[in-house]
Structure formats: C-alpha cells, structure tokens
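Following the hints, put chain B in place on chain A, whose structure we already have.
Top to bottom, those sequences are chains A and B.
With the first letter of the first sequence counted as 1, position 190 gets the number 189 in numbering that gives the first Met the number 0; the numbers rise by one all the way through.
With the first letter of the second sequence counted as 1, position 159 gets the number 158 in numbering that gives the first Met the number 0; the numbers rise by one all the way through.
Since the hints were made in silico from the structure, they are not lab data.
Computed from a predicted model, the values in this text were never measured in an experiment.
All C-beta atoms, glycine included, are put in the ideal place defined by N, C-alpha and C.
Honestly, I wouldn't trust all of these hints.
Away from chain B, derived, C-beta distances all over 12 Å, residues of chain A [said to hold, decoys possible]:
{"hint": "1", "residue": "LEU60"}
{"hint": "2", "residue": "LEU100"}
{"hint": "3", "residue": "PRO170"}
Taking CB as the label site, the calculated pair distances span [what the hints assert, rightly or not]:
{"hint": "4", "chain 1": "A", "residue 1": "LEU267", "chain 2": "B", "residue 2": "VAL249", "range": "22 to 30 Å"}
{"hint": "5", "chain 1": "B", "residue 1": "ARG42", "chain 2": "A", "residue 2": "LEU104", "range": "39 to 47 Å"}
{"hint": "6", "chain 1": "B", "residue 1": "THR93", "chain 2": "A", "residue 2": "LEU8", "range": "27 to 35 Å"}
{"hint": "7", "chain 1": "B", "residue 1": "ARG104", "chain 2": "A", "residue 2": "LEU4", "range": "21 to 29 Å"}
{"hint": "8", "chain 1": "A", "residue 1": "LEU157", "chain 2": "B", "residue 2": "ILE24", "range": "29 to 37 Å"}
{"hint": "9", "chain 1": "B", "residue 1": "GLY102", "chain 2": "A", "residue 2": "ILE138", "range": "38 to 46 Å"}
{"hint": "10", "chain 1": "B", "residue 1": "SER37", "chain 2": "A", "residue 2": "LEU290", "range": "51 to 59 Å"}
{"hint": "11", "chain 1": "B", "residue 1": "ILE269", "chain 2": "A", "residue 2": "GLN198", "range": "17 to 25 Å"}
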Amino acid sequence: MLRYLARRLATMVPLVLGTTLVVFALGRLAPGDPVQILFGDRGDATAIARGRAQLGLDRPLAEQYVRFLGRLGRFDLGVSYAYPGKPVSELLAGAVSTSLLLGVLAVCVALAIGLPLGIAAALRPGGVIDRLARFVTLIGIAVPFFVVAAGLVLLFSLRLGWLPVSGWGQPRHLVLPIVVLMLRPMAYILRVTRLAVSQVLVEDFIRTARAKGLGSGAIVLRHTLRNAAITIATTAGLSLSLAFTGAFVTETIFAVPGMGRATVTAILQRDYPTIQAVVMVYTFLFLTLNLMMDCLYAALDPRVRYS
Amino acid sequence: MTGPRRRAHLSRWAVGGLTVMGLLIAVSIVVPIASPYSYRAQRLDEMFGAPSAQHWLGTDHLGRDILARVAYGGGISFLVSGTAVLVQTVLGVTVGLIAGYSGGRTDAALMRLTDVILAFPPLLLLLLVTGLLGPTLVNIVLALAISGWAGMARQIRAEALTLRTRDFVVAAHALGATDGVIVRRHLLANIATIAMVRASLDVGPVILSESTLSFLGIGIQPPTPSWGAMIAEGFSHLRTHPALTVIPSVALSLAVLSLTFVGDGLTEAIDPRQRRQ
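Only chain A is shown next, with the shape it has when bound in the complex (with noise of 0.2 Å):
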C-alpha cells in the first residue's frame, strides 16, 4: 500500500510543476502591467520602475519562476489587482472553506437519498421506484443548476416565501444551495448503484445464497453489497468533484461566498493574481481528491494494488 501511495505520490510532481509554470506564465502573459495597475494613474515613470524592482519583474524569468515557487510554498498568493492591497490568499482562505462544506454536506445528502434509491431501483427493475429513480437520473444530467435553481426559487422564496431566495449565514440559507449542488451527484450514485448492484444480483453466488434460502435482506447486505461497494465507494470522489463544479453556478445565483464565486468574479474582473491562485488551489483540491479516491480504491481492491 505504502508503495503503492509513494508511486502515485510520483506522478503527481511533474503536474504540479507543470501547473505552477502554466499559471506562472499565465501572470506574466496577462494583458497590462501589474506595477501600472497597482499604481493607477498616479504612478511617474521612476515610482513604477521601483516598483517593478520591488516586485521583481526586472529580473530574468527563471529568477523570477524560482521566487514565484518560493512565494507558493509560503501560500503568498501576490496581492488583488481588483481589491487593492488585500493579499489574495486573505480573500481566498474563507472561500475554500466554504465551499468544502457545501459540497461536503451536498454528496452526504446525495449519498443518503441516492444510495438506497438506487438499491430499491435495482431490487425490483421495472417497478414504480425504479421509473422514478429513471426520472430523477435523467433530470439530475440533463437539467441545468440554473434552470433547477430558478425553479427553486421561484417556487419556494418567492411563491412560498419559506426560504431566503439568496444570502449566507444562517442554516437557512444553505438549503437551497445544497438542494441544487447534490441533484447531479445524487443522479450519479443513483445511476452507478442501480447498475453497480443489478451487475452482482446475477452472478452465481447470488443464486447459491438464494438456494441455500437465505432471506433476501441477508443477500442484499452481506453478498450484493459487499460486492458492489467498490463501484459505489468510487462514485464518491467524483461526487465531489461534482459538487465542487457546480459550486460555480449555485454559489453565484444564491451569493454564497466560496471558491464558485470568487472564480466567476475574479475571471469577470480580470483579476490575475486571484485567478492565478484559483488555479493552484482546484489544482491542489482535485489532485488530492484523485489521490483519495485511488487509496480508496487499493485499498478496497487489492488487484490495483499490485499492477
């Protein structure tokens, strides 16, 4: 397992190196010059020399990729070009938290509805929670967030009047968002447990157990689902990283201040600092979620393990 993590471990490396020299360039091929944007108009041609020195930016590229590095490792993300001297890894650090939880909370939800819909669905193909779990599958891929959010919305704030329409703070502000980030992780376990347990319900064991005349509770726990939880302990990461994506539309349309948001707004704004930071944060957050998921998955299926 040990080895197993530290070869994995090795491949992530030259990705991050070539991350961090992709958004490296990305800072210096970005249109205007930081010093000029920094100063504003108030700048004279010796103020914006000095600070270009002060920066750095008079060095040659390479000093200025290894000080870049530098900087990273000590999370100095640079300072906002659209927040004036507010260091982005200030304006950054309570969005990623944000965002974790909601879509944390988002794939428990998914999770918990999803799974044993998905199970119930595969038990009795055909039958009325199976058709359901069809619907629910086809409007949680094909809808979009912001169509869903809409009627949300509509339906629930301003017809109903039971929840605010956006906001943060409050517990009540997070049902909505948490409603529309977990329909497409939800349809997605939904899907693959239907599949996942419907595949092991045919095999041989299954009909051995069944002979022996054990009762069907007894099969579904101990044999079907056994079996089937690798396929299911998967879904997880992905839902995730499901929930992460659509934090971009879901947090924009409810005002919830997370990493969604500040993405959208700093793309918007043209804020390279923070949009380079952005980068090597998703960069950072989905390499350690496929290094989870790949763990998970030795860990639960020895064969990987030793290929």
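For chain B alone, coordinates are given in the frame of chain A:
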C-alpha cells in the same frame, strides 16, 4: 466493419428526441428569417409585454421580442456547440489514433497529457480558458474543444490498440501498406461509427457547458442572445415576470433532454449489449 449489419432500430425515445431537436433547429433557422422583429431591437414602450398576436411569446425587460431572441439564441448555441463537438472529435480521433497506433513513447506522452486534462472537471477548464482568452465566439468554441477532447482520445486509442493487432491490419502491413495508409484506410474506417456515436453523446453536455458559461457572463456576450444569458437576465425579474426565465429554460432543457435520448438511442443501436435490462 464493426458497425451494425442490419438497419439500426432507434428506440421510441430516441426518435422523439430527434423530432424535438429537429423542430428546435427548424425554429432557430426559420424565425430569425421570417420574424419581423430583430433579436436586439429595443422598444422601451413595450417592456414586459404579454404574449400577443404581434409578440407570440411576449417581450422582455427591454421590450425585445422573446421568440426572436430564443430562436436566435438557440441557433447560436447549436452553431457554437456543434462546431466545438466537431473540433474536439477531430482532435480526439487524431490524437487517439496516433497514440494507439504508434504505441511506445508517443502513446505514453499523449496519454499523460489526457491524464492532466481529465484530472480537472471540464467546466473548470472551460471557465479558465474562456476567462483568459476572452469570450469571443471563436474562443468559446476553442475552450469547449480543449476541455472536451481528452475523453474521445482515450476511447479511440483503446479501439486503435485492439485494431492494431487484428489480422487485416497485419495483412495490410505485410502487403507493404504504409502507416499512413493503414491508419487512414483501415483504422479510421473502423472507428468512424464509434467516434460518431461518442460525438452525438457529447453534443448535449457541450450545449449545457456553453449555456452555463453564458449564464455566468463569461460566454456569449450581449446583445447576442444565448439561452444561458437570457436566463441570467431573467433572474432579476423572476418575482414579477418569471416567463423571461422560464421560456429559455424550457428551450434549453428540451434541447439537452432530446440530445440525451438521441445519444443513448444511437449507443444502443450500435451496441445492443448496452441496452438496459
């Protein structure tokens, strides 16, 4: 050929999807030509008009004809997404064939590249690429294709890997056919069906991505209408005039749903094993 020998039977749902999609495309072509209203002509004395004989779907917050905007926006969306799918299919097939056929270092290098792209969710790549290049139509197409080709490349490579060892390829080699001829005449012919089905499955998600981008304000820019941007504009009038949001939402959902049915239907038609029990 690995394609179906008998005529492919599409499911009822797929035929329904094709019909709805055909209607949507027809509307997006006919209305901009036949309608007396332009998608951008503002009439501030006709704001929030109810559906009438003049404006079949009413007018929006700037007095623009909603039908003209939904139709034109749909046309733009189909055009952008269709082109993007075409570009990413060509890119994916090319890379997949090269990787699968040449093997060795080329294969390893190209597959590492797809690893990098697939490590990130497509929407994130899409947002960043469009955000950085700037939201012009060409850049949106490019960004959609860049974030979408890797999956296709993987699948085509897998196919090419197995095809490479098949007798007819070995025979072509023995007869002195060059690599270029083998790839073009033998491999390409055999992966064409798979590539087309995969492409048909890609259209729905690409339309979804494009509309998401436009909804966030990073995609197609006003005054050019797009369903995503129309829904975003409608949001501020959701309380008083939900129709502004509902109409483009219905159009978008209908399009993506029908495309999902069509894609699933085509997949089943060429590979009956994937038919759901």
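Which constraints among the numbered hints does this structure fail? Numbers only, ascending.
none
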